[in-house]
Amino acid sequence: MDPIVQIFELIRLSDQVFFAFATLAVLGAAGTALSKNLVYSAFSLLGSLFGVAALFAWLSADYLSITQVIVYVGGILVLFLFAVMLTNKITEVRGSNPGVGERPAALISLSLFGLLAYVAVKTPWKTLPEQTYRETTASIGDALLSTYLLPFEILSVVILAALVGAVIMARKEMKA
Amino acid sequence: MEQLALLNVGLKHFLFVAATLFAFGTYTVLTRKNAVGVLMGVELILNAANINLVAFAHYVTGTVGGQVFALFVIVIAAAEAAIALAIVLSIFQNFQTIDATHADLMKN
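Chains as they are written, first to last, in the numbering used here: chain A, 1 to 176; chain B, 177 to 284.
Excised from the complex, chain A in its bound form (with noise of 0.2 Å):
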């Protein structure tokens, strides 16, 4: 047989759909870090934040999962899109997205991936031992109302802050 089949046959299913989504964040991440177009930036940090939100799922995060999704998909990212179109001349069609200070900016961030891989690997994390898959949604809203309460209510009024500051800053008449 095959030996690439043979290998594939080896890895549990589930661990399959986990490379398949790991590589599709990891190569919408490299898209938005590397594209020279602003708008494919974009389209590639969608394909990253719903890999992610698939890793969540596969994480037993199912809230989070859908969470991500309508939040990020569908707000932040149309937000981002909005900006993207607001900011550059209607004639400017390629939506340039230029770099400076490649090389530092790449040993930086290499030198961080390492350092951050170095301890992932080495350390001896003190895992379950076993995992169990299960729905969380109703446990989070038991957590947010009792443990977290505190932090749930300051976030309210974080956003809500957020949300007038961003009115009053996009406004035009912003010299009084």
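Treat the hints with caution; some may be incorrect.
[Claimed, not checked] For lysine-lysine, the following BS3-like pairs were computed, each having C-alpha atoms within a straight-line distance of at most 27 Å:
no., chain 1, residue 1, chain 2, residue 2
1, A, Lys122, B, Lys188
2, A, Lys126, B, Lys188
3, B, Lys209, A, Lys36
Simulated from the structure, these hints should not be mistaken for lab results.
Remember, it's a predicted structure, so these values are computed and weren't measured experimentally.
We have chain A already, so just place chain B on it with the hints.
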């Protein structure tokens, strides 16, 4: 079978994916001249942190605490994106560009 242990997905794989996303996010923040591009890098970094939070909640603690904090991070990211894009639009109205290297009114 031993050499395939690398392919049994565990905590380390998620930490590795998160580290990759974080590195790409850092690179984006450091290199982009376009302010909207810089914000995309920030979103990548926040997503890397979220993967770590959820992975540790699943593999180490077994509680929902990590997921709740990931939820908080998502809300903060939404607020941050709204504020930052308002600032970007304001910069565009004043400078007619969103090149982050040209907004240097307070330099010198």
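Quiz item: When the hints from earlier in the document are held up against this structure, which numbers fail?
Solution: Result: no hint breaks.
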